[in-house]
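Order-wise, the sequence lines are chains A and B. Mapping the first sequence onto the numbering used here, position 202 (from 1) lands on 202, and the numbers just tick up by one. Mapping the second sequence onto the numbering used here, position 66 (from 1) lands on 1066, and the numbers just tick up by one.
Hint data in this document are derived by calculation from the structure and do not stem from the laboratory. The beta-carbon is built from N, C-alpha and C at its ideal position, and this holds for glycine as well. Hints may contain errors.
Chain A regions said to be covered by chain B (calculated; three or more residues, Cβ under 8 Å) [as the list claims (entries may be wrong)]:
1) 80 to 91
2) 97 to 108
Where chain A lies over chain B, by a calculated footprint (3+ residues, C-beta under 8 Å) [what the hints assert, rightly or not]:
3) 1070 to 1082
4) 1170 to 1180
5) 1248 to 1261
Here's the letter readout for the chains.
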Amino acid sequence: MALVLELEHLVKHYGNIHALKGVTLQIPAGTVYGILGPNGSGKTTMLGLIMNILQPTSGSIRLFGETPSASHRRKIGTLLETPNFYHYLSAVQNLRIAAAIKGIHQPDIDGVLQRVNLLARKDSPFSTYSLGMKQRLAIASCLLGDPQVMVFDEPTNGLDPVGIAEIRDLIKKLATEGKTIIMASHLLDEVEKVCTHVAILKKGELIASGHVDEILAHDDIVEVGAADPGRLLEVLRTMPGQTGVHAGEGDKATIHFAPGTADLATLNHHCFVHGVLLNHLQQKKKSLESKFIELTN
Amino acid sequence: MNLRQLLAIEWMKVKNYRTFWILFALFIISVFGLNLIVFKLKQTIDEASPVIKAFTAGPFGFPEVWKTVGWMTGWLLYFPGFIMIFLVTNEFTFRTHRQNIIDGWSRREFVAVKLAVAAILAAICTIMMVLASFVFGFASGSSFSTGNLQYIGYFFLLSYVYMLFAFILSLLLRRAALAVGIFFIYALIFDNLLSGFVNGQTKSPLGTYIAPLQVADDLFPIPFIDKMLPNRPELWALLTIVSAWIIIYHVVAIKKFEREDL
């Protein structure tokens, strides 16, 4: 598969602050690639370097297999950090400027405003927009010229729950149209719902990258209880398919299975035939927050 | 992208920007207003003393009018200077200097079109100076003569130096209020103070040569009292230093914007 983006040992220092410490990453065409990390982990710095608004300290960047230039950026719809528009101009006037810079001759401005539900306010000055509307306009601007690659930095920032759902649906729809989408987010849940691939940044270092199912996979965890916790642990350890058994609080224990393989009935049956009667049987959901903290700490 | 396409985009930013039109209108009104006030004053003096009037057409007659109107209009370059500052600091305030690059301008294109805007503003200032010179030249009752037309060129250089100075301040300071304040106070007071002080201390035109705006101001001798002033700087030196400043401003603007984090 062709590579849209290649980073080689990318380093960025701001004075004494080492914002990016040698990131190497490849993003193939047709993926929805999440860049996941807490605030200050270097996501925006990385995207800023790719878009040439920051100068790298060292390392190299390639876009579409070539040294990045302005003409590559014209082929990418990018929302970086905040929506940046001329406050005294309307949505339409702002998008005309963006389209002209991108070299699009007949931009479908009404069309992109329609896709983000902003058509009704298209002639209002940008300064009168709410935060959510500004964010929608920035996304509309990314859609100009129907680019094959889009970069979204925190795309659901400032949106209400309905807006968040709409934008996530839009991104998923863009993905089904075969676009490559690079999306930075500090929301694990968002990356999990939208992305096919993920790279995890922590304090400027890439700590993991790959398919979402591999990187963000979490074990199925089942909590069980019985009158004799010692005997319970012995029996659990003989359970086929388990990936870990841990003693829990009181007379309870937890047993882990590979993602999607826990079967409570089989587990109950296994314990029963080995003479253990369960008084507690519950599949646990590992919270996304705890997973995120585990990944980035 | 060629310069015409870049300027077309710049025009989209400017044409609906109200502050631009207000400052532009104020500039035009001031050019004709200030010259008119001085013109009327001169007329009053002439009427009181018909001997002087008979002797010369005065500073508003051709060909002296180019120097007189040029010198006075030079005092009004704050208005287009403010326009320049707002057009540049707006980009930083709205962070559109980043967005323009993200959307597909090169950093060089971003600077180049602003330099072109500075040149266009200087050209507009020059056109205003020429129009005002014609109006007051003919109003003084003198007939057109081709002398002193080089002052049209000098006025363009003067205006361009002011616009570039405003541009560099905006690039360095990024904030409109700060840039406007420093531009105004520096151009009105400190630049003159610096050159006057050095001139006085050295009893030479050295101060003129080292003050970045004064060197262009001095392309126009002070009307009415010029003959009384000592140490008139050399024209070739003024033109050389003005050209050097113009080149320095270009290089600094391009290098700074191309190298820094935006």
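How the hints compare with the structure:
no.: 1; hint: 80 to 91; in the structure: holds (count 8)
no.: 2; hint: 97 to 108; in the structure: holds (count 6)
no.: 3; hint: 1070 to 1082; in the structure: violated (count 0)
no.: 4; hint: 1170 to 1180; in the structure: violated (count 0)
no.: 5; hint: 1248 to 1261; in the structure: holds (count 3)
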